[in-house]
Amino acid sequence: MEAIMEMMIEVQDLSKYYGTTLAISGLNFQVAAGEIVGFLGPNGAGKTTTLKILAGFLAPSAGTARIGGYDCVSDSLKVRRTLGYLPENVPLYPDLTVTQFLQFAARAKGVAGRQEQQEIDRAMEDCGLTEVRPKLVASLSKGYRQRLGLAQALLGRPPLLILDEPTIGLDPSQIVEIRQLIKEFAGDHTVILSSHILPEVSQLCRRVIIINRGRIVASDTAENLARQLGNGSRIALTVQGPKKEVAAALKAVPGVKEVAGQENGRYLVETVRDRDLRPELARLVVERHWRLLELKAQEFTLEDVFLNLVTEEEV
Amino acid sequence: MTGIGAMLRKELAIYFATPIFYLTGFFFLMLGGFFFYTNVARYNLVSLQAAQIIAQNPAAASQLNAQTMVFQPLFEVMAIILLFLMPLLTMRLLAEEKRSGTAELLFTYPLTDWGVILGKYLAALLIYAIFLGLTLAYALVFAGLAKLDWGALASGYVGLILLGGAFLALGLLTSSLTQNQIVAGVAAFGLLLLFWLIGWQQESSGVAGLLTALSLAEHYNNFPRGVVDTKDLVYYLSFIFFFLFLTKRQLESRRWRA
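Line order of the protein sequences matches chains A and B. Take the first sequence: its letters are residues 124 to 438, numbered as in the numbering used here. Take the second sequence: its letters are residues 2 to 259, numbered as in the numbering used here.
Hints should not be assumed to be uniformly reliable.
Claimed, not checked - In the BS3-like style, the derived pairs of lysine-lysine whose C-alpha atoms are separated by at most 30 Å in a straight line are:
id, chain 1, residue 1, chain 2, residue 2
1, B, LYS249, A, LYS201
2, B, LYS99, A, LYS258
3, A, LYS265, B, LYS232
4, B, LYS232, B, LYS99
5, A, LYS374, A, LYS306
6, A, LYS380, A, LYS367
7, A, LYS366, A, LYS380
8, A, LYS419, A, LYS374
9, B, LYS232, B, LYS249
10, A, LYS201, B, LYS99
11, A, LYS265, A, LYS306
12, A, LYS306, A, LYS366
What the hints assert, rightly or not - Pair by pair, the computed Cβ-Cβ distance ranges are:
id, chain 1, residue 1, chain 2, residue 2, range
13, B, MET31, A, ASP198, 33 to 39 Å
14, A, ALA155, B, GLY102, 28 to 34 Å
15, A, GLY236, B, LEU141, 34 to 40 Å
16, A, ALA155, B, ARG100, 34 to 40 Å
17, B, PRO20, A, GLU346, 52 to 58 Å
18, A, ALA156, B, GLY6, 27 to 33 Å
19, A, LYS366, B, GLY102, 54 to 60 Å
20, B, GLN180, A, LEU200, 23 to 29 Å
21, A, ASP198, B, ARG100, 42 to 48 Å
Unchecked claim - Chain B is nowhere near these chain A residues, computed Cβ spacing over 12 Å in every case:
id, residue
22, GLY233
23, ARG237
24, ALA261
25, PRO377
Since the hints were derived computationally from the structure, they do not count as laboratory data. From the three backbone atoms N, C-alpha and C, an ideal C-beta is built for every residue, glycine too.
Please model the entire structure based on the sequences and the hints provided.
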């Protein structure tokens, strides 16, 4: 029972049809309280649909989603009291000022009269909005709009934050700022965020759920996923020497599974797991009197995992 | 009904920040003022001509009534002005939330559907009440010139509030059906016109009688004459509730259809 209490999100066999199109199919996952989980997938994979169901905006066609123990459909109001949601594309009211907009959001979330101003001031400060407070939302830059979207989600200190593509359309320095902000929430809130930008997810999230064509294809920490992917590891070499001979010699080393020759004398060697072949490879090159310019072990990145899983699905 | 207050204040802030409030108010008051002025001018002329007749036949003075000559026709023409202007106040209310995507915010805040609907409806009603309140100036001006039947005047205003309230409720429904403000406005205007005109028939039996009983115009006629009939009150309150209820059902179905 205790384990259930600690779960913030429980999704079971969740499916959603738009007309006859299947958007998500039989999703199952759980998110523990305090976790930051990244929802990763190509465009159209079903990320936004899933988040909309969690936020109570859509009802699922089949299956259940529970937040904090409450059903997203039958206890919708209670669910909506526990979450802050930043929709994709950050819809805002252009005719209101920043202050008016946040006042509305605070009142709509039931932040009581006296705390209202405090909460608004805090959210504005956290999101760096203080200087634009009298401005009309219509006149804000994309970066400020995004921050305002985050600020409204934060009002009332909801235990769960659902952020749909929180950094999309921002310039690199803004992306860094928003990421920093999200990291700061981490302690107090459970965060589920979607993205199709891989480095973002691996930087921000402890756990990654990869979704493709409406189905979960993997769910683990970024490192574990990378480890699972290869049943081996990779070594990158740069060697000056006759291309064919070098490749053949590398391939002949026991433990080498595959050698991919690239331009400028670069070779990517895939080896069996649990054995570091770097000394053998180095010795080989030196013994043959070729010149070894570079030798390093390469980790599988989340990008490799993602491409691998998504392409496997497509094949 | 959580959130009525929050919705109401937000909608009022948007009304005051956008030109539609000022434009609708301007035309409502300008047209109302124009008809008030022409009615008073006519009353004035008739009174002058009647002075001679009254000298001979004092009973004719009772025919000269400010209520029937100035305010009753004014209230009648105001109903027609409202037919055109009320859809402008409601067409944005839900259609724009859907078009701009803010519906996604609205329906993920802990607000009930009734909270959203009543907040929006009351905001539009309050805006309309402001316009109507300003027309009280006509009565105050006129009270300085002639004797006024305040009871009949109040009855006229009750009629106008109910009529406007009915127009707004129907407009809110059409706004919930589309993402396009123009479509919402045109649909509201068309339906209002329909509900207004179905009473214009010679016959009063069978289907014709039923249609007449459903007509907005038919139930309005008594109010400007200074008669508040329970039947008319019930009709308008039911009309308002019915259309707000349909709006509620429309919002509920959104989550499932998407």
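Right, here's what the structure says about each hint:
| no. | hint | in the structure |
| --- | --- | --- |
| 1 | B:LYS249 / A:LYS201 | holds, 20 Å |
| 2 | B:LYS99 / A:LYS258 | holds, 24 Å |
| 3 | A:LYS265 / B:LYS232 | violated, 55 Å |
| 4 | B:LYS232 / B:LYS99 | violated, 37 Å |
| 5 | A:LYS374 / A:LYS306 | violated, 44 Å |
| 6 | A:LYS380 / A:LYS367 | holds, 17 Å |
| 7 | A:LYS366 / A:LYS380 | holds, 18 Å |
| 8 | A:LYS419 / A:LYS374 | holds, 17 Å |
| 9 | B:LYS232 / B:LYS249 | holds, 26 Å |
| 10 | A:LYS201 / B:LYS99 | holds, 23 Å |
| 11 | A:LYS265 / A:LYS306 | holds, 21 Å |
| 12 | A:LYS306 / A:LYS366 | violated, 47 Å |
| 13 | B:MET31 / A:ASP198: 33 to 39 Å | violated, 51 Å |
| 14 | A:ALA155 / B:GLY102: 28 to 34 Å | holds, 31 Å |
| 15 | A:GLY236 / B:LEU141: 34 to 40 Å | holds, 37 Å |
| 16 | A:ALA155 / B:ARG100: 34 to 40 Å | holds, 38 Å |
| 17 | B:PRO20 / A:GLU346: 52 to 58 Å | holds, 57 Å |
| 18 | A:ALA156 / B:GLY6: 27 to 33 Å | holds, 32 Å |
| 19 | A:LYS366 / B:GLY102: 54 to 60 Å | holds, 55 Å |
| 20 | B:GLN180 / A:LEU200: 23 to 29 Å | holds, 25 Å |
| 21 | A:ASP198 / B:ARG100: 42 to 48 Å | violated, 29 Å |
| 22 | GLY233 | violated, 6 Å |
| 23 | ARG237 | holds, 15 Å |
| 24 | ALA261 | violated, 10 Å |
| 25 | PRO377 | holds, 58 Å |
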